[in-house]
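Given chain A, work out where chain B should sit, using these hints.
Number of protein chains: 2
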Amino acid sequence: MIVVFTGNGKGKTTATIGQMLRAVGQGRKTIMFQFIKGPWTSGEHKFLKLHKSLKGKLEIHREGKGFVGILGDKLPIEVHKKAAQEALKKSAQAIKSKKWDIVALDEVNVAVSLGLIKAGEVLKVIKNEPQKMIVVLSGRGAPDNFIKRADLVTEMKEIKHPFNSGKKAEVGFEW
Amino acid sequence: MIVVFTGNGKGKTTATIGQMLRAVGQGRKTIMFQFIKGPWTSGEHKFLKLHKSLKGKLEIHREGKGFVGILGDKLPIEVHKKAAQEALKKSAQAIKSKKWDIVALDEVNVAVSLGLIKAGEVLKVIKNEPQKMIVVLSGRGAPDNFIKRADLVTEMKEIKHPFNSGKKAEVGFEW
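Taken in sequence, the protein lines are chains A and B.
Sequential numbering of the first sequence, starting at 10, is according to our numbering.
Sequential numbering of the second sequence, starting at 10, is according to our numbering.
One should not assume that every hint holds.
Since the list can't tell identical chains apart, any single copy or any two copies may satisfy a pair.
[Stated by the list, open to error] Only pairs whose alpha carbons sit at most 25 Å apart, straight line, appear in this in silico SDA-like list of lysine to any residue: (1) K157 x P85; (2) K169 x Q102; (3) K108 x H60; (4) K46 x Q35; (5) K136 x I168; (6) K108 x P171; (7) K141 x L59; (8) K169 x N154; (9) K127 x K169; (10) K157 x E87.
Hints are computed from structural coordinates only; laboratory data are not their basis.
The following block holds chain A by itself, in its conformation from the complex:
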């Protein structure tokens, strides 16, 4: 089953992580590959460091090289492309291995929008997802052919955001 979380609102990555936690409670095995990663230290990684027994059940791998082209990014685009290719390769291996019940390609939609990987390459990787495996493709701006291919699509739509009213978000919570 292919699930797409897209839209410009908050909740795409956290919904995936929450779903992974639920699945682990049901004895399932879940893994996430993060295609784009901000420069901050994320709470989910710290959480997993504190709960090492989750290895093999709930894994989150940082593959991206941070923001692309903004916030002081000075890396050549080729470095980002290589990182995204690597993330896709690892995702493909995880899907093929049939070892996992959820394989999440976090921010893969953004990696496609930025031209780091091609939508067709992703579609090829998820072409024959094992039965009962859930593959999550997340990130704003999901390509139309991902939505067409998906079984479940939720658009997280921003209705209101504290930045818009001049409020600063809580850094620790990474909204």
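What follows is chain B alone, placed relative to chain A:
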């Protein structure tokens, strides 16, 4: 800060749980009260049973009495109302205590739509939320005055759902 997750799509509760996990990774304390609870055994509760060290850091309390008026529910409405009132009372205590960094009122929007509690009662409880505390109000059909009061609102909008194409959802994953 008041956060509302609403809309008819998947991801409202899981986004909250994912956010709680992240916050716990940052050393924060988080608690959820579930106002409406389905009859199934949820993965998140099983997960927490397996990770007892999370008590005091990531807690999820089932307060609701299951579905209201559907799926064979035969409980008098008064029983549901009492459960929702109880959930609201506990939420109020958690907010007042200032012990928590995230207090999530899961499906509280639905409890209001069903007439189990009044929107005004909820607004009163969240009136003076402590600074730096995040209070999450989730569930489809958020009342307008919740959205008006909120700092951050995401609408989880269903674009595609496997039920619509006749596919049966994976029970274990509780989509």
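Hints and how they fare:
Proximity of K157 and P85 under a CA criterion of 25 Å is satisfied in neither setting, with 33 Å inside one chain copy and 43 Å between copies. When the C-alpha separation of K169 and Q102 is checked against a cutoff of 25 Å, the pair qualifies neither within a copy, at 39 Å, nor between copies, at 27 Å. Both within a single protomer and between protomers do K108 and H60 lie at most 25 Å apart by alpha-carbon distance, with minima of 21 Å and 23 Å respectively. Taking the closest pair of Cα atoms, K46 and Q35 come within 25 Å of each other only across two copies (17 Å); inside a single copy the shortest separation is 28 Å, beyond that limit.
Proximity of K136 and I168 under a CA criterion of 25 Å is satisfied inter-copy only: 21 Å between copies versus 34 Å inside one chain copy. Taking CA atoms no more than 25 Å apart as the test, K108 paired with P171 passes between copies only; the shortest distance there is 23 Å, against 40 Å inside one copy. Taking the shortest alpha-carbon separations for K141 and L59, only the inter-copy value of 24 Å comes in at or below 25 Å, while the best intra-copy value is 30 Å. Taking the shortest alpha-carbon separations for K169 and N154, only the inter-copy value of 13 Å comes in at or below 25 Å, while the best intra-copy value is 28 Å.
Taking the shortest alpha-carbon separations for K127 and K169, only the inter-copy value of 23 Å comes in at or below 25 Å, while the best intra-copy value is 32 Å. For the homomeric pair K157 and E87, neither the shortest alpha-carbon distance inside one copy (29 Å) nor that between copies (45 Å) is at most 25 Å.
Hint check: violations occur at hints 1, 2, 10; the rest are consistent with the structure.
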